[in-house]
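Given the sequences, and given the hints that come with them, work out the whole structure.
6 protein chains.
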Amino acid sequence: MSTRIVCFGELLLRLGAPGRQLLLQSPTFDVHFGGAEANVAVSLALFGHDAAMVSTVPEGALGAAAAGELRRHGVDARRVATGAGRMGLYYLINGAIHRPSEVLYDRAGSAFANADPRTYDWDRLLAGAHWLHLSGVTPALGAAAAAATQHAAEAATRLGVRVSFDGNYRSKLWESWDGQPAQRLRALLAHCELLFASDRDIGVILGEGAREPAPIERIAAAAARAFAAFPRLQTMATTLRTQRSVDHHALSAVLVDRAGNMQLTPEYEVAPIVDRIGTGDAFAAGVLHGLISGLGTAQALHFGLGAACLKHSIPGDFNRVGVGDVEAFVADRGFHVRR
Amino acid sequence: MSTRIVCFGELLLRLGAPGRQLLLQSPTFDVHFGGAEANVAVSLALFGHDAAMVSTVPEGALGAAAAGELRRHGVDARRVATGAGRMGLYYLINGAIHRPSEVLYDRAGSAFANADPRTYDWDRLLAGAHWLHLSGVTPALGAAAAAATQHAAEAATRLGVRVSFDGNYRSKLWESWDGQPAQRLRALLAHCELLFASDRDIGVILGEGAREPAPIERIAAAAARAFAAFPRLQTMATTLRTQRSVDHHALSAVLVDRAGNMQLTPEYEVAPIVDRIGTGDAFAAGVLHGLISGLGTAQALHFGLGAACLKHSIPGDFNRVGVGDVEAFVADRGFHVRR
Amino acid sequence: MSTRIVCFGELLLRLGAPGRQLLLQSPTFDVHFGGAEANVAVSLALFGHDAAMVSTVPEGALGAAAAGELRRHGVDARRVATGAGRMGLYYLINGAIHRPSEVLYDRAGSAFANADPRTYDWDRLLAGAHWLHLSGVTPALGAAAAAATQHAAEAATRLGVRVSFDGNYRSKLWESWDGQPAQRLRALLAHCELLFASDRDIGVILGEGAREPAPIERIAAAAARAFAAFPRLQTMATTLRTQRSVDHHALSAVLVDRAGNMQLTPEYEVAPIVDRIGTGDAFAAGVLHGLISGLGTAQALHFGLGAACLKHSIPGDFNRVGVGDVEAFVADRGFHVRR
Amino acid sequence: MSTRIVCFGELLLRLGAPGRQLLLQSPTFDVHFGGAEANVAVSLALFGHDAAMVSTVPEGALGAAAAGELRRHGVDARRVATGAGRMGLYYLINGAIHRPSEVLYDRAGSAFANADPRTYDWDRLLAGAHWLHLSGVTPALGAAAAAATQHAAEAATRLGVRVSFDGNYRSKLWESWDGQPAQRLRALLAHCELLFASDRDIGVILGEGAREPAPIERIAAAAARAFAAFPRLQTMATTLRTQRSVDHHALSAVLVDRAGNMQLTPEYEVAPIVDRIGTGDAFAAGVLHGLISGLGTAQALHFGLGAACLKHSIPGDFNRVGVGDVEAFVADRGFHVRR
Amino acid sequence: MSTRIVCFGELLLRLGAPGRQLLLQSPTFDVHFGGAEANVAVSLALFGHDAAMVSTVPEGALGAAAAGELRRHGVDARRVATGAGRMGLYYLINGAIHRPSEVLYDRAGSAFANADPRTYDWDRLLAGAHWLHLSGVTPALGAAAAAATQHAAEAATRLGVRVSFDGNYRSKLWESWDGQPAQRLRALLAHCELLFASDRDIGVILGEGAREPAPIERIAAAAARAFAAFPRLQTMATTLRTQRSVDHHALSAVLVDRAGNMQLTPEYEVAPIVDRIGTGDAFAAGVLHGLISGLGTAQALHFGLGAACLKHSIPGDFNRVGVGDVEAFVADRGFHVRR
Amino acid sequence: MSTRIVCFGELLLRLGAPGRQLLLQSPTFDVHFGGAEANVAVSLALFGHDAAMVSTVPEGALGAAAAGELRRHGVDARRVATGAGRMGLYYLINGAIHRPSEVLYDRAGSAFANADPRTYDWDRLLAGAHWLHLSGVTPALGAAAAAATQHAAEAATRLGVRVSFDGNYRSKLWESWDGQPAQRLRALLAHCELLFASDRDIGVILGEGAREPAPIERIAAAAARAFAAFPRLQTMATTLRTQRSVDHHALSAVLVDRAGNMQLTPEYEVAPIVDRIGTGDAFAAGVLHGLISGLGTAQALHFGLGAACLKHSIPGDFNRVGVGDVEAFVADRGFHVRR
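Chains as they are written, first to last, in my numbering: chain A, 1 to 339; chain B, 1001 to 1339; chain C, 2001 to 2339; chain D, 3001 to 3339; chain E, 4001 to 4339; chain F, 5001 to 5339.
These are computed hints drawn from the structure, not numbers from a lab.
Since the model is a prediction, treat every value here as computed from it, not as a measurement.
Check each hint, because a few of them may be wrong.
Said to hold, decoys possible - Pulled a few chain C residues facing chain F out of the computed Cβ check, cut under 8 Å:
#, residue
1, His2032
2, Ala2065
3, Arg2086
To be verified - Quick list of in silico lysine to aspartate or glutamate cross-link-like pairs, EDC-like style, CA-CA up to 20 Å:
#, chain 1, residue 1, chain 2, residue 2
4, F, Lys5172, C, Glu2059
5, E, Lys4172, E, Glu4102
6, B, Lys1172, B, Glu1208
7, D, Lys3172, B, Glu1059
8, C, Lys2172, F, Glu5059
9, F, Lys5172, F, Glu5208
10, D, Lys3172, D, Asp3121
11, A, Lys172, A, Glu102
12, B, Lys1172, B, Glu1102
13, A, Lys172, A, Glu208
14, E, Lys4172, E, Glu4208
15, C, Lys2172, C, Glu2208
16, A, Lys172, E, Glu4059
17, C, Lys2172, C, Glu2102
18, F, Lys5172, F, Glu5102
19, B, Lys1172, D, Glu3102
20, E, Lys4172, A, Glu59
21, D, Lys3172, D, Glu3102
Ideal Cβ placement from N, Cα and C applies to all residues, glycine included.
Pasting the structure below:
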């Protein structure tokens, strides 16, 4: 439990229509906590690492509940500050068959988005950390959050903390404040060693325009361009997802390193999906775990994909599995009832 | 929103065992409102049309709730009268895998079935309407309901309102009062321009005996016989359904016009099914929307099938989707989470 | 309704995480009653037989509720005694996709496990019975329960009551008290006429070591060894299960008689599974029903497999289906909504 | 457990809005089984007596569930027949504070109301019985049910079975078919030995017009008139209820015997009420238990009142308490948590 | 149904912890729609009036659901516009005993608060209206909402529409943008004929500083000052509430007219309270109904108090009662179960 | 946050029938974590202190969930060990009106009760602690738990850690293993400085036999005897509870110090009670907070009583209130909705 990973991002409340209902079809919301970086922190804590969250939540019952939920899963929540503003939240309508799921963000004006970047003392916050994990959602939230993310990345470089970054490109968030994503993300990536990004994410970052998810060759090419553009970058990984229906996907994953070596996993059928949210974060946490634990890149990638596949079977944003659960997946130990 | 469609039929309360439970396995019912024609009215209202319901409900809280539910979805419920009698209802047990779903009707003695057909002033009720939608469930409920349906159809012809009719043959209902379905349905169909009917429905209507759902050629032949028998009839459409298991169907649809042209959609796999009830009504509403909106018959049919497929993903009797949702299906826009 | 079957075993409370949630993800348990032999008793009662349960439950509300639940399903619960000790229970976490289900037993110190074997007066308890049904779970619970099971089997032989036995090998239970399963089970099997056992169960019983589920040939060979070892044994049957994922299995069944005749059913795809627990008990009850009702072995086996397949569609431990439901499966009557 | 009491009446399904919600405010019903006489049967079974139910339910899942629920509580349900017709039901809206509770009956056309009185073979049904319990709800359901009730009472007199009768006057039910309640109830009362009736019930029975619940003196006078009119009548008892609000009542009870002796209990404050339904039936069962068990009339009355008071604390129609629970009430053992 | 009342204000989503739980104690929210003016509109519609809502909601599923909920209760929602911004919401924690309830507003940045006041064409929106109902919550939401409210009041005066105003002083909302409540409220009150305001509200409006709720004499004096300050004002009414505990209040009401006549109702004990929210709005709607219906002021006041008392028994923000329910309260018809 | 309090005791799972239902009336349990000492730890953590739990839970999901729940509320759970055995649990049936609540313990064989007392290294576990809190439940669980408790108290004395002890006498637990409570409790009390005990508890401890809760004078006398018997004892406090019904209690509290000074609070009416469990623990935590925070004994006692009263309004075992909530109670700030 000696590797310390600091995750920085917003904590969100998820308000979900129960089961496969539409929004407010019945007068109840199922509630979960989430947020891309918090999902990674929880997963890493459940894998036995010293995961800490840096964030800002509103004062009062909602912010306290968010921090308490992190603690419950073993995340160090002592660096979760309180500030003025509301609790960021999103509404989720689970899709089914041919009906896609919908996420309605309601994050504007949140305590996190409002937080002055100067309130984060990164030298103190990163003390003792080995890794800093960031994602592309945070700089998309507005100028203050973008500045805070950049400060964090710069401090990490200065302090010798390795930086992991998950692309998570959300065009609507960037467009809502004309945030110049390519420029900002390039400045961030100059500090990153590990990147979770699809071909499409790379395109956005390098200003090549958004594209649809792509075949392996395009990923290899995109990775090559990314390594050329960002000298600190050592590793890039992404999942490959084929959606046969809303409830049935097929998943594999690919990892490319600076030397041009590519690892590719087998493809797994994932059906019927219980909860699609947070599967990318589960992948990132799984790969990070693998690299931290000294697994080779092939094994780390397979572990990451296993974590992602398992997340599809778990309600909520957090990947509530342990190392043993993922190892059983990787080792193909079957589907028997465990008694 | 200028096309006005009047739907006439019974409003029902559905009492469903939760999830995949058997009846009263736990002491709770999930409750929905439904009824074949009300389902069509709600769907058309959600597609942006001026849909109105003509019906009779019991006085008091139950009838008021039924009318309120229609209003909630934008249906004009001002022509829903109150009368003596009970609220019609049905119990639903959702099947799974090899266990078929079960519907237990409890409609006898309802305010709708009891309503004197003379209480409906069709000249007033159809004022301003472009279409009247009926189904074969209503005349099956008893002599009073059958007479009311016939009066409605005759008034429509007299007033130049186009009549749409969905076969919905329910043998148990007809047998419960020896209702002579063939004779009554033929008298109704003399007024219809648009017919939703399978080969089997046609057989019943033309007194040829009930048969199992049939291949395309038999549908074409049945349609030909129907066009010959009913000179006002212009169009006949039906879904084709292959049931691979209780949770997994494959759906396509076919439409034949008086000129003998036949349109056929691709087949879609529909699994795992969330709610099977009301999918035929969703199809009828979708095709009606297509024809009203001036889509060609091929496009109208595809739209109808898309509406039907989407209904399988939605709990309850109503097809709570908009035009954009169905267009995304028809355009094959994929299964990504909408953010 | 004249055939009386006495089932002897523990009644259990099942505490299940709702839906596909992990344990205590939300602060609620779904509760069911179960227990391998009680599951058989309930199923036989629902098939119209005179099924009686012999067991011991704690005094007070929990034991009373367990007995009441049996009565509700038509089981004769007058031979359910009360005794000192707790209510045996188990926690269930339903798996999904690649995440296996988990059962956490909490049965130690139960009133049943504590019950002095001398409190069972088998001459009285088996009066009027045609069959006694036992399973390998009961002797695994400890020396007292093992002695009671042996006494029951011996009394049955003495009284001319036929004995049915379901292997249900649970290694953890046996290991918890060093119970010498092979020796004890062999002593029991000397009294059995009908055996539900996989190749692996036979291996355990004959002291050949546990193995993975096996192909048909190995089952035939195992059966031959079992018939050789146990002269009273007439029939052996088992299901064959291929697990494509946690939610999707394929099932068939095989039956071998002392003369060496083997019956084999077709294989059925079972997906998406609602509840996996109790499917083996459903199979045993179905085969027993078939044999009791005078169906031939092939038909009895098919009926048993149908009962097992249907159980996968039903929440809880009990197979809440009637003879007609299984007959519809065997006759392949399809998946239409029953109205 | 040697005293056998036969109860005759309808089994009802109750569909209740959850908590204090109005009808269909949320799309769920809480479901309970009930019926005045079934409530008495369940209570007597839980008090340890041999209680049997005679009734008619619809074939299929609903009727089977009703009978199963009786068995669960230890009632002999072997005399519950099946017949054509629907399941009788009622909707319940729990009131609060100043808002009265509402019951919407939906019993017309039920299998029980439809049952031909000749299908009840009372000589067989009453074999072995010591008491027959009837109530004024049953003859109010229509001519067939009234005839069946009368036949039952006559057979009881003929067979030496003592008759208990609970007034339960429901004016709406009588008025729905012009049933001449006074005449029919008088014919019934000629056979009764024990009567649960308020001053108002007596007024109806003797054709004196309905009145509001009355003070003790009027009850004594009414009892005197009842004893004069019905020579078999030995005992009359009733609760006295002051409603301080919907949630807060005060209850006492009075019993008068043919000799003119009057017993009166203390008054108990009952608040906040959990469930008001079935409290009169709980009282009747409690008094019957007291008389059967040889308690004096004062103690039997106190026991009956205790049963009634406790019922206000229990959700559903059945009084799920045992003799010990009521004895603790009568002995004033206090409100400590029982550990 | 000929009196048309237009209500202007924000529609809110309420996210409530279930039962008496604290926030997020379990991961579920009970959801209701509300908003002070919408509550009045729904109540008036349920009293049979032509109530219309003017508001702005966000585009998409949440805004559509809000409008649908109004339609469900018979409110004319055709004047509910859509606009940019989020759905206003509030979190509710129901208190109990000594623990006060808590409301956490989350309304900043809502589509309603963001709406440009020029988007409301009051001449069109007030066409055909007899009354305009406003409340002090709306101008407290920010400059845009304050301007829109003022425009509405001025238009009403110009068009001869009578204005009703409910004080609803919320200091936190006013302080959040330094809104100068006294000045703005005085400008509004210059147009009002009917005022719902406590002594404390009047103090705020006249710049006399906030005070605690006051005895009758202070209300009379405050009313006198209000009549002096606002020449159009004819009537002022308020409830008087004594809080014995969180669950137990005592309510009466007082009304003063310009001539100095004062009406006072009896005091009613209200316990145990089901839902405290919206009781002031229920009072306003009740008094408005009384005045519209031509009841005298004493009767209108009593009706309003009855409506307010009944609201305490109903979950959610809306007062789901009809005229008959309130009349039964006023006439003191008692607490009997209505069958 | 500098005062560290170590609490030692068992963590329990509570399985509660929902609402006011009887056990298994519906097939669901509401689940909470509790345990007398854990309740104190959670309350102290929520009051801002450094509260730590020492306990033993079973390995696996249940034990992990228990520790996670403590962390969620800010308790230091790093000293919660895992061990062989089951999860201790209890069933709760909430009473109402005249029906007492029931607790069914199911704690035998738990990992905590099984834990070898030598596994607790008290020098390490108490390092940095200022207080050790124990209760009389723990030594009642068996010889191992009694020894562990005694070791803890002795170590505390040795290390200068002050000891707080809550009597919590449970006769059934002591009787189940013939535990000699008087002797064992006296040995423990020799180390205690602060004692929560009723007159009845003192009687048990001093071997004077159990008595009913007593008036103030008997408490003063009992305290005097306790101070005489236990020289380290400085303070004794207890609540005084009058139970008007199951739902309505009246509470006050009394504190006596070694000098014979007695503090007495006012009496508060507590109704309608939401949850009775854990109110004594809430009192102990409140008094401890007061003493730790330097409040005088009168104020500490009032604070403790306020904490206890508030706990009655909160579902579950934990007193989820902060210092501000209790201060508002003590200051009598009223029952207004907090907005």
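*Of the numbered hints stated previously, which ones are contradicted by the structure, given in increasing order?*
10 and 19
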